[in-house]
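Undergrad: Sequence:
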Amino acid sequence: MSDAEDDEVLIDYSQLLAKKRQLHSKKSQAPKRGEKANDQQQLAKSRQALFECIAHTVPMPKNASQGQLSTSHPYYTTITKSKGTHLHSMGFSHQGAITLFPEEAAFLVARNALTVTQHDVDPVGFEDYCQLMCECCDGWITFDKYQVYAYLKRLGYIVVRSRKLATITAQQTAQKEQPSMFQLLLDTITHWIQPLQNRPLVWDYKCRSYPHMYSTLQIIPSTPWYRPFYTSLCPTFDWDVYKPRPSWKKKDPGEPDFRVVVRSIHEAMPTLYEQKQLFGQLIGTSNANYKPALKRTELGLLAPTFVMALVGDAEGITFLRLAGDGVQDVSNVKAFSQKHGF
Numbered sequence: 010m011s012d013a014e015d016d017e018v019l020i021d022y023s024q025l026l027a028k029k030r031q032l033h034s035k036k037s038q039a040p041k042r043g044e045k046a047n048d049q050q051q052l053a054k055s056r057q058a059l060f061e062c063i064a065h066t067v068p069m070p071k072n073a074s075q076g077q078l079s080t081s082h083p084y085y086t087t088i089t090k091s092k093g094t095h096l097h098s099m100g101f102s103h104q105g106a107i108t109l110f111p112e113e114a115a116f117l118v119a120r121n122a123l124t125v126t127q128h129d130v131d132p133v134g135f136e137d138y139c140q141l142m143c144e145c146c147d148g149w150i151t152f153d154k155y156q157v158y159a160y161l162k163r164l165g166y167i168v169v170r171s172r173k174l175a176t177i178t179a180q181q182t183a184q185k186e187q188p189s190m191f192q193l194l195l196d197t198i199t200h201w202i203q204p205l206q207n208r209p210l211v212w213d214y215k216c217r218s219y220p221h222m223y224s225t226l227q228i229i230p231s232t233p234w235y236r237p238f239y240t241s242l243c244p245t246f247d248w249d250v251y252k253p254r255p256s257w258k259k260k261d262p263g264e265p266d267f268r269v270v271v272r273s274i275h276e277a278m279p280t281l282y283e284q285k286q287l288f289g290q291l292i293g294t295s296n297a298n299y300k301p302a303l304k305r306t307e308l309g310l311l312a313p314t315f316v317m318a319l320v321g322d323a324e325g326i327t328f329l330r331l332a333g334d335g336v337q338d339v340s341n342v343k344a345f346s347q348k349h350g351f
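Terminal number for the sequence shown in the working numbering: 351, no gaps in between.
Just so you know, the hints here were simulated from the structure itself, not pulled from any lab data.
Beta carbons are placed, not taken as given, at the ideal position from N, Cα and C, and that holds for glycine.
One thing to keep in mind: the hints can contain errors.
Derived pair list, reagent style EDC-like, types lysine to aspartate or glutamate, alpha-carbon separation capped at 16 Å [unchecked claim]:
| id | residue 1 | residue 2 |
| --- | --- | --- |
| 1 | K154 | D249 |
| 2 | K259 | D249 |
| 3 | K154 | E144 |
| 4 | K252 | E264 |
| 5 | K154 | E276 |
| 6 | K173 | E264 |
Distance ranges between label pairs, derived from CB positions [unchecked claim]:
| id | residue 1 | residue 2 | range |
| --- | --- | --- | --- |
| 7 | P83 | M278 | 27 to 35 Å |
| 8 | K90 | K252 | 27 to 35 Å |
| 9 | T245 | Q49 | 54 to 62 Å |
| 10 | S171 | H221 | 42 to 50 Å |
| 11 | K300 | L226 | 44 to 52 Å |
| 12 | A332 | P70 | 41 to 49 Å |
| 13 | G148 | P279 | 17 to 25 Å |
| 14 | A332 | K71 | 42 to 50 Å |
Work out the full structure, taking the sequences as your base and the hints as a guide.
TA: This is the structure in C-alpha cells:
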C-alpha cells in the first residue's frame, strides 16, 4: 500500500445532513483507513446519508408555473398557469395557449420552475421527459440536442429551435402568364394542321430546329457554395442562440448571434459536401457577434460561420467554430496556384 493510499481520507457523507454548520473552524473528517474508529457502522452511516441526500426532493416553490403534458404526438406541454419570467423567452402560442417544446418543459422541470401533470392527476418528472427525448418523441428532439440546449440555457443564452433558412437562388425565374381558354383551344386545333417538321421542339414555340434550340442554352456560373435543389435533403442547423437582451421578442427574434449544429463526438465530422450546404445558407450573414473575430480572412465579417457542438458520453460538450472563408479560392486549383505563385 502506497503512502498516497495511507493518507487518503474517507468522505463522511453524514455531514451533509447537518442543518447547521459547525462553528469551529476545523473541518470534521472521517478517520483514516486502518484506525479503530473507522468501523463498518461508520461506513454504513455515511453510505445511508449519501442515499438520503440523493433521494432528497426540493419542495416546489410557490411561484412555479403549471402545465399539462399532451398524451399524443408531438408531446407538447400546455401552460395552464404562468408565473415568473422564464416564459418570456420560451414557448410558442398554440391554440390560444402558451405551449412548450419537450426540451423547454424538461429544462423548467429540472429547475423546479414548472410542475407538469398528465391526465390532470399523474405528475410528470424530469426523468419522464428524458425518456421522451431519448425516444425522439416529436421526430426531431434528441437527448444530445437537449444537453446542448440546457448547457447554453444555464449560461444565460436565449436558445430556440433553428428556423429553416430559405435558400436564395441565383436568378429568379419570371412567372409566365397562364394561357386563356381560347388560346388552348386554338393551339389544339393548329397542332393537327401544322406539318410535323415545322412543329416546335420546345413548349414556347420559339425553336424550330435543333441548332436553334442548342443556341439558346446558357452556362450558369456556379456559386462558391453549393445550393441543393432539394431543400428537404439539405442539412439544417439545430439551435439559434441569442445573447440576452431586453429588446428580444419571441415573435420577431431577428438574426441569431450563433447558429449551432449538434453532433455526437463519436460521429464523423460533416463531409465537405455537407459543410458546403450549411455554409451556403449563411451567405451574406455577418458574423460580427462571434468572438474572437476572424483574422486574416478575405471575406472578413461576411465569412459564413457557425458553431458545432460535439456531445460526448463523459467528456461533456465541446464547441467548435467552423468558418468557410477561402474555400472558394482553393476550389479552383489553377487559379489558386497562379494567385499564390505555386
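Undergrad: State for each hint whether it applies.
TA: Now the hints, each set against the structure:
1. K154 <-> D249: The hint holds at about 12 Å.
2. K259 <-> D249: Since the Cα atoms of K259 and D249 sit roughly 12 Å apart, the hinted pair holds (cutoff 16 Å).
3. K154 <-> E144: Satisfied, since the Cα-Cα distance of roughly 13 Å is no more than 16 Å.
4. K252 <-> E264: holds (11 Å)
5. K154 <-> E276: holds (14 Å)
6. K173 <-> E264: Roughly 12 Å separates the two Cα atoms, so the pair holds.
7. P83 <-> M278: 27 to 35 Å: holds (30 Å)
8. K90 <-> K252: 27 to 35 Å: holds (30 Å)
9. T245 <-> Q49: 54 to 62 Å: Holds - the Cβ-Cβ distance for T245 and Q49, about 58 Å, lies within 54 to 62 Å.
10. S171 <-> H221: 42 to 50 Å: Taking Cβ atoms as reference, S171 and H221 lie about 47 Å apart, which means the hint holds.
11. K300 <-> L226: 44 to 52 Å: Since the Cβ atoms of K300 and L226 sit about 48 Å apart, the hinted range of 44 to 52 Å holds.
12. A332 <-> P70: 41 to 49 Å: Between A332 and P70, where Cβ atoms are some 44 Å apart, the hint holds.
13. G148 <-> P279: 17 to 25 Å: At 21 Å between Cβs, range holds.
14. A332 <-> K71: 42 to 50 Å: The hinted range 42 to 50 Å holds for A332 and K71, with Cβ atoms some 48 Å apart.
Every hint from the earlier list agrees with this structure, and none is contradicted.
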